[in-house]
Amino acid sequence: MNCQECLDQMWQYIDGELDVASTDELQRHLTQCRECFSHAEFERRLKEMVRRACGAEQAPAHLRERLTKILSMF
Amino acid sequence: MTAGPRGGCRPLEALSPVREPAPSGDAQSSRDTYEHLITAHLDGLYSTARRLTRHAASAEDLVQETMLKAWRSFHTFQPGTNVRAWLYRILMNTYFDAQRKQSREPEVVAADDVGDLYLYGKARDGIALSESGNPERLVLEHIMDTEVREGLEALPPSFLAAVLLVDVDGFAYKEAADVLGIPVGTVMSRLYRGRHALRRRLVEYVRRRRLIRQEAHLSPAPQAQERPAGGCGAAGGPAPDGEALRKTGQELPRTTGGAGA
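Taken in sequence, the protein lines are chains A and B.
Residue numbering for the first sequence follows the working numbering, beginning at 87 and increasing consecutively.
Residue numbering for the second sequence follows the working numbering, beginning at 17 and increasing consecutively.
Worth flagging that the hints you see were computed from the coordinates, not collected in a lab.
A quick note: this is a predicted structure, and the numbers were derived from the prediction, not measured.
A hint or two may mislead.
Claimed, not checked - Below, computed lysine-lysine pairings styled on DSSO-like, alpha-carbon distance capped at 30 Å:
| id | chain 1 | residue 1 | chain 2 | residue 2 |
| --- | --- | --- | --- | --- |
| 1 | B | Lys-85 | B | Lys-190 |
| 2 | B | Lys-117 | A | Lys-155 |
| 3 | A | Lys-133 | B | Lys-190 |
| 4 | B | Lys-190 | B | Lys-117 |
| 5 | B | Lys-117 | B | Lys-85 |
| 6 | B | Lys-190 | A | Lys-155 |
Taking the hints into account, I'd like the entire structure generated from these sequences.
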């Protein structure tokens, strides 16, 4: 695997969407290429940042209460 | 190029989570089960709705409508169904239906608007960071959560939906495709383009803090040939028209909506 091939599959790799053989091949490249390794780490951390920044937002209590109240009417 | 159905979602009738009705006659039990589901998934649905609609009140309305639609067909629910994906499908359908009603204007995103700047490459070019030894890490640490949210919310809706489902909600490509009612390759394309667009916006945030030199703004987008010999230089990830997408047989969407949906 060369660097371009690694780049082409990097997001699939980070997303856990590559098959075992492709994952192994890409990981081998990452152990041999510092630039690609750094890039992969950067992308992984950025994805984690997006998840942290945008996920796990709590629904307002009044929304939960409203839904329960509406549901009780059925 | 104009957009088609931006969500590409199927009619709600196609979203029924079951193949045959569950035994009737136990309304209270069904309601209790449904309330348990609300408890389990409400926060996630609300988070996604919040990013999609950009407003708390609109997000509440969207979630409420989603839950009511789900309840109407919940009497046919069967254990073992991927109820989370089902709820997200209803949410996305409801959202994109509302989008279509609200706006007759086609959404246009020029292909050149995304992917031409890559945060990773820009980060590596940062003069202010170049002496730190780990410029990428510093860039990540200087981007605030509020900026990430703003950057996401500025994405075209179809890109935003793909990024939210995969990056935030943790759906696999296939699940996201099922939620949105589009092919896996289209999910990948929208996801990649959404990520590039988000990175482009984050670059602007970082640049404002003078973490990235102004000259970088004038330089061309990083290409593979810019890489140092034997290494992997600046780039931001697989190009949206890269080999990964070609393998799927999907054409790159050049607009946010109609592409491949």
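Hint-by-hint comparison with the structure:
For the proposed pair Lys-85(B) and Lys-190(B), the alpha carbon gap of about 24 Å is at most 30 Å, so the pair holds. Of the supplied pair hints, the one linking Lys-117(B) and Lys-155(A) holds, its CA atoms being roughly 29 Å apart against a limit of 30 Å. Restraint check for Lys-133(A) and Lys-190(B): the C-alpha separation of about 19 Å stays at or below 30 Å, so the hint holds. Our distance criterion of 30 Å between C-alpha atoms is met by Lys-190(B) and Lys-117(B), whose separation comes to about 28 Å.
Taking the CA atoms of Lys-117(B) and Lys-85(B), the gap is near 18 Å; set against the 30 Å cutoff, the hint holds. With a CA separation close to 35 Å, the supplied pair Lys-190(B) and Lys-155(A) exceeds the 30 Å bound.
Against the hints set out earlier in the document, a violation occurs for number 6 only.
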